[in-house]
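Peer 1: When we follow this note's numbering, the leftmost residue of the sequence shown carries the number 1185, and every step to the right adds one.
Don't read these hints as lab results, they were simulated from the structure. For glycine and all other residues, C-beta sits at the position ideal for the given N, C-alpha and C. One thing to keep in mind: the hints can contain errors.
What the hints assert, rightly or not - Once the Cα atoms are required to be at most 20 Å apart in a straight line, the calculated EDC-like pairs of lysine to aspartate or glutamate come out as:
| no. | residue 1 | residue 2 |
| --- | --- | --- |
| 1 | 1260 | 1584 |
| 2 | 1618 | 1584 |
| 3 | 1618 | 1697 |
| 4 | 1742 | 1755 |
| 5 | 1260 | 1628 |
| 6 | 1742 | 1700 |
| 7 | 1618 | 1487 |
What the hints assert, rightly or not - Cβ pair distances, simulated, as ranges:
| no. | residue 1 | residue 2 | range |
| --- | --- | --- | --- |
| 8 | 1202 | 1609 | 28 to 38 Å |
| 9 | 1202 | 1423 | 19 to 29 Å |
| 10 | 1444 | 1598 | 25 to 35 Å |
| 11 | 1853 | 1717 | 45 to 55 Å |
| 12 | 1715 | 1861 | 54 to 64 Å |
| 13 | 1713 | 1653 | 44 to 54 Å |
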Amino acid sequence: MRPAIRLQPPPASAGTLPANIGAGLLSSVVMLCYALSYAALIFSGDLAQYQHAGVLVTLMSCVVAASVIALCSSIKFSIGGPDGNSAAILAGMASGMAADMTVPGGGHDLLMTLLAALALSSLVSGALLYGLGAARGSTLIQFLPYPVMGGYLAGTGYLLLAGSFRVLTGENLHWSHLGALGELSWLAWLPAVVVCAVLLTGARYIRRFTLVVPIGIGSGLLVFFAGLALTGMTPERARHLGLLFESVPLSALQLPMSLPPGQIDWAVIAHHLPEFFVVAAVSALTILLNATGAGLACQQDPDLNQEMRAAGLANLLCGALGGIVGYQSLSRTLLNRRAGASGRSSGLAAAAGCLIVIALFPGLIGWMPKSVLVGLQLYIGIGLIREWLVNSYRKLGRAEYLLIPLIVVVIAVYGVVSGVGLGIIAACVLFVVKYGRISVIRSEFDGRTFSSNVERSMADTALLRAHGDQVVGASLHGFLFFATANSILQHVRARLTAGLAPRFVVLDFRRIDGLDASTSVSFMKLRQICDTAGVTLVLTALPADARQLLARAGMFSKTVQDFGSLDAGMEWIEEQILATFPHQQGTAAGLQTHFTRAALARLNAQLVPRQLAAGELLFTRGDPGDAVYIVEYGRVTVSLPMTNGDALRLRSFGVGTIVGEMALYTQNPRSADVRADVPTLVRSLSLAALQRMEAEDGDTAQQFHRYVVNTLASRLAITNETIRAAY
1185 MRPAIRLQPP PASAGTLPAN IGAGLLSSVV MLCYALSYAA LIFSGDLAQY QHAGVLVTLM
1245 SCVVAASVIA LCSSIKFSIG GPDGNSAAIL AGMASGMAAD MTVPGGGHDL LMTLLAALAL
1305 SSLVSGALLY GLGAARGSTL IQFLPYPVMG GYLAGTGYLL LAGSFRVLTG ENLHWSHLGA
1365 LGELSWLAWL PAVVVCAVLL TGARYIRRFT LVVPIGIGSG LLVFFAGLAL TGMTPERARH
1425 LGLLFESVPL SALQLPMSLP PGQIDWAVIA HHLPEFFVVA AVSALTILLN ATGAGLACQQ
1485 DPDLNQEMRA AGLANLLCGA LGGIVGYQSL SRTLLNRRAG ASGRSSGLAA AAGCLIVIAL
1545 FPGLIGWMPK SVLVGLQLYI GIGLIREWLV NSYRKLGRAE YLLIPLIVVV IAVYGVVSGV
1605 GLGIIAACVL FVVKYGRISV IRSEFDGRTF SSNVERSMAD TALLRAHGDQ VVGASLHGFL
1665 FFATANSILQ HVRARLTAGL APRFVVLDFR RIDGLDASTS VSFMKLRQIC DTAGVTLVLT
1725 ALPADARQLL ARAGMFSKTV QDFGSLDAGM EWIEEQILAT FPHQQGTAAG LQTHFTRAAL
1785 ARLNAQLVPR QLAAGELLFT RGDPGDAVYI VEYGRVTVSL PMTNGDALRL RSFGVGTIVG
1845 EMALYTQNPR SADVRADVPT LVRSLSLAAL QRMEAEDGDT AQQFHRYVVN TLASRLAITN
1905 ETIRAAY
């Protein structure tokens, strides 16, 4: 999993058919090496005797996957085939099936069962990958927790190392079997070490990464055949010792439909069925990473859903023909691009090259040393472990990083399904713990810093601000579950025991994304705390599903109030506070502190009363601004008409307030509708009366203007406090 390398565009000649065919044939050589390596990995240990069948099904997958990917991929020069990630899981599955099976009449049933399982895993992967791409759900893969992905990939690296050990020794990787390495001939392990060392060194120091793999494979071949010459060992003897592959004709390939059903142990296949879905999930994740990496490196913009569909079709066909899982390869695609490929004919040429070898020149397979291919496995496995188990330490926090070695250990002991499953559970628990520490309280407020949209007289406003500590409020955000809901409970308890004596606790749910059933327990405890303290709990802007959830839990009572908005809730609270204090109402009560007795009498003489029924318009948007109105009793609401016929409430005006002054002073048409909410009496001062008062009674006019300025300043101060409380 080395970082993507940005390649320069190929030369102009790369667009020609010969250039694409040449690049594809070069890629086919590397594909053959990887395919033989994966065949040796899957058919190792007790399955080594069936390695010839493994070579055929793996090479068949190269031909099919490369052809379909070449025709269907959104990256025209993409190369497909078997991959180390899925091969490592298939190797573990094959080893487990070999251990599970007991065949009375010999080992033939084991081979039939394994071939059927490999074909079935390809079909399952193909169906799921194609469905994921067809549903345009490739982005769902990105929701897999990063530590789980890292743990799985590091675990895959371990499986590749374990598979390499099994190929070399025929034993599973275990402390008790390490001594088997000392019994190996140096021809069995030295070429592998050379290939791995050259690849690791070359990947670090050779700028053209696409040259690294051919150089590494060539170095291993040179060491192996030089060793044969030095020891005088014949190729036949090396093949007998298992150092070289057997050559098997294509006619020996058995398609799934030709497998005798009676010789297939379906119970064993059903036992390992969960691993099929793991292979599919691993394939989807690898396709996402490989396609994204190839797009970055080659300056392409891949369609991830199309890549999923292409891989799905490839695996459906591979499964029908008895092949193993295959999909887009990052390293082989980059090699193909650097070799000059730019079109789909390069991938078809790569597939044709593999088909020519297995159909016309199968003898070439018999000259490939297994130790060279083990070196490829070691290189991939070490690279995965170094990237995800070592380098990720600097990228993750301690808790997230510890998930990676935990997953690797579980994969090593119990298998991939258990490792990934435990990793997902552990990642979810870690997420809950960390998310539970994040406060869902977006902002706090009280009656001094936040008020409703009801305009009140300056006397009432001052009274509400003076007793604003009777309100303790919090605006919530995010998603509520048992951990975050409990943090709200603890916060309110701390506020109630901090020496405060509030009458109302307000919780605003307007920015809540959702909540689960576990929150009802915390809110029931919150109600009990408020009841004990004699505090009314006010819930505002509850989503419908949340209200139903709390109602089923028995949350609502006389001490719990529910309002559709924070504004409505604060308005109700303000009315409750004002009702406990005797105060005067009416125009005189609202104006007497702003006018002298004589000026107030002269002003009242200019005011014209107007009675409004509930719902009656005082004025509408677009009317001339020819008067200002003072509310004697009742209440009016300023609203903005909407295009859909609804009205947006802007602000309400209660007793002793002034409305319509802006249009009067600017001489612009009215900007909104004003309608009486209840039976209301207003007194109006017309523009003509104000101008006459300015000309004949300058002192009263001056006091009136000062009153309007004070009113506007009070509104501005309240607005500033509200904004400050909200942010």
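Peer 1: Kindly indicate which numbered hints from before are broken by the structure, ordering the numbers from low to high.
Peer 2: 1, 5, 6, 7, 8, 9, 12 and 13
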